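Colleague: Dock chain B against the given chain A, drawing on the hints supplied.
Each chain, written out:
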Amino acid sequence: MTSSTLIKSFERAKEDNRAALLTYTVGGDPDKKTSLNIFKSIADSGVDIIECGLGHGANIGDGGAIQDSTYRALSNGIKTNDIFEIIEEFKKDYETDVIIMTYQNKIMAYGEDDFLKRCISSKVSGIICVDWPWPLNLDFAKKCKENSIVFIQLLCPTTNEDRLKSILNDAHEVVYYISMLSTTGQKLKVSSDEIKKRFNLIKKISPHKKCIIGFGITADTINDFKDTDACVVGSALCREITRSIDEELNPATNVGNMVSDLKQKLSS
Amino acid sequence: MKLEKGIPLIDQHDENGYWGGKFGGNQIAESLNYPIEELTREFEKLRNDETFISERDYYFKNFVGAPTPFIKLENLTKHLGGAQIYCKLVSKATGGAHKAYNAVVHSLICKRLGKTYIGGDTGAGYAGKMLSMAAAKFNLKCKIFMGAKDVERQSINVFSMRSYGAEVIPVNSGSQTLVDAVSECMRWWTSENEEAHMCVGSTVGPTIFVKICAWSTAQISREMKKQVMDEFGEVPKDMKLINCVGGGSSAAGFWNEWIDYDNIELIGVEAGGPEGSSKHAAPLTNDSRIGVLHGATQYVIQDDQGEIEETESISAGLDYPGVSPLHCFLKETGRARYTSASDEEALEAFQLVSKNEGFVSPSLEPSHAFAEAIKIAPKLSKDTIIVVDSCGDSAKDSKIIAERLGYKI
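Protein chains in written order, with the working numbering: chain A, 5 to 272; chain B, 16 to 424.
Same shape as in the complex, but just chain A (with noise of 0.2 Å):
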């Protein structure tokens, strides 16, 4: 899989004439053969892309919820190559594209070439890794290039104006822009119009990089977005599966529907 696969999901959405759908939720919560059971369902429900969290339990950008699916994940034992195994077996069945989204210590554990050898053989489209700011990871979105796997840059609001430009400049064909100071699943502090305002600026820069924005929409928000390029949902998803492993329901198809709901709230 290359790059290019990754850009088609933006531009088929485009031709729906709404944003592409993302859905983050933490790879092998809460453990695989779920995890793969709540991946397919996702795209069976017509997800664009699939964000698969590598989760890591010293982050400092989860918020509750998110950090429960790693918690959960984690002491169930998974490790990086579960998760590497589980986009493998769905890629086996799914043209759906995943990206991972990670830290950087993750990486640097699993080796940096190992992990790009072992996305290239699992078809991963590109990786977000949280805490490995621009320009400190140019070395590794180059080697990610050089294996088609797209570097996914991250953008918030308080970017000021020559950095952006300058990592837009450095930036693969795609970026996510964090829509407001915050770690995951918190209340929208801003509004939809100040996020598309800023939006609009980073398509101003550049017109062709597609542009994700993820924080704090849920499908009360998320149509405010439908003439954006993607937005994610995350800790809403994370929340449900917690929910249903509460409750003993099954994660994968309460998920399911949720997700066949943000994307109709999106496609109405």
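What the hints contain is simulated information worked out from the structure, not anything from laboratory work. If you're wondering where the values come from, they're calculated on a predicted model, not measured in any experiment. We treat Cβ as the ideally placed atom computed from N, Cα and C, and that holds for glycine. The reader is advised that the hints may include incorrect statements.
Short, incomplete list of chain A residues facing chain B, as computed with Cβ under 7 Å [to be verified]:
1. ALA62
2. ILE64
3. GLY65
4. THR84
5. ASN109
6. GLY115
7. ASP135
8. PRO137
9. LEU158
10. CYS160
11. THR162
12. LEU185
13. SER186
14. THR187
15. LYS191
16. VAL194
Modeller: Only chain B this time, still in chain A's reference frame:
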């Protein structure tokens, strides 16, 4: 990797914030880039601002109580035989530990930044206690993140924090100790950085926090240098400076002025944990793998998956799986030597020092440093000067120590 002479240790990093091109850095979420740049600019300005320096010195002298005593431990020296043992009694600083220096400086910076809200992490509770103390003095709203396990075992300091009006947030994730408190504090700052300032309680975290903390604790060696000259009339030819190392803020400050003196040996003592336990908190002593923790590259106790491993120490203040990039740098350049002491050795040292010296009652953290002094002193000549930094007072540990020694209090 090379240590430069004549350049402060805190400034020996490259443009990306790495000491020796390898340790430290700013491996942070993009959302923290702006506040860290802002803080870096402000600190570089303030450290050259004479008004700010006078203000700092005023509070260090009149509120923290600088200089703290430099005393000879006559009885302990006699008891052990061998080297002459001295002590820098930093535990006499207001609040009972060196953490007051960093807390005062961060509070002053917070005000200069025009912010009225400050948050910080704490392990043993000293960093939190001192930050709460300073926040009360400087009229800052204060929030302290503390592992739930530490809230329990350091309840005396928690009581102090609450008395000073701080909100103490017990952190229930992971091992419920300092590592989780720092993670949670950084998450909080990610959300609140427009209004709030963050104080990292030790020489860990992104580069600027390492620098501010070590710049603040450097007061210890600045004043001690004068005391050493008064005592000996010159810098002793054979002197060893022993300090415990958890995050490493106290050792960084105790050694700062002495780094260019090659004849002075710097010995860092990490937490070896209970005897026979593999859950030590000694990443330098045991050559742990290099990893990224809390925004900086350092030696970290971790498994092959990059997951931080649980550590165990009788001393909450040393119970941290990573260690300051400054100490990683001092280790790699061979300037400092690192070793560890077990819980049991620290407890024995606490008893021996307290019994012999009375006026010195080290908390469990510096008891680790005393354990090393007790180990090596008898083998050394009387011309050797050992100085131990007694950086914390045992009052906060009375519950733990009494329990271990079978007393009821």
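Colleague: If a hint holds in the structure, say so; if it does not, say that too.
Modeller: We went through each hint and held it up to the structure:
Because the closest C-beta pair between ALA62/A and chain B is about 5 Å apart, less than 7 Å, the hint holds. Because the beta carbon of ILE64/A sits about 4 Å from the nearest beta carbon in chain B, less than 7 Å, this interface hint is met. Satisfaction of the interface hint for GLY65/A is found here, the shortest Cβ-Cβ separation to chain B being roughly 5 Å, below the 7 Å cut-off. Hint status for THR84/A: holds, given a least beta-carbon distance of 6 Å to chain B, under 7 Å.
Below 7 Å, beta-carbon pairs count as interface contacts, and ASN109/A has one with chain B at about 4 Å; its hint therefore holds. Here the hint on GLY115/A is broken, as its CB sits about 10 Å from the closest CB of chain B, past 7 Å. A hinted interface residue such as ASP135/A counts as satisfied when its beta carbon comes closer than 7 Å to some beta carbon of chain B; here the least separation is about 5 Å, so the hint holds. With a cut of 7 Å, the hint placing PRO137/A at the interface with chain B holds, because the nearest CB-to-CB distance is about 6 Å.
At a threshold of 7 Å, the smallest CB-CB gap from LEU158/A to chain B is about 4 Å, leaving the interface hint in force. Residue-level restraint check for CYS160/A holds (minimum Cβ-Cβ distance to chain B is 5 Å; threshold 7 Å). Hint on THR162/A holds. Least Cβ distance to chain B is approximately 4 Å, under the 7 Å limit. A least Cβ separation of about 5 Å between LEU185/A and chain B falls short of the 7 Å threshold, and the interface hint therefore holds.
Look at SER186/A: its Cβ gets to within about 4 Å of chain B, closer than 7 Å, so that hint holds up. Contact between THR187/A and chain B, as hinted, is supported at the beta carbon level, the nearest pair being about 5 Å apart and thus within 7 Å. The beta carbon of LYS191/A comes no nearer than 11 Å to any beta carbon in chain B, farther than 7 Å, and the hint placing it at the interface is violated. Against a cut-off of 7 Å between C-beta atoms, the interface hint on VAL194/A is violated, since the closest Cβ of chain B lies about 11 Å away.
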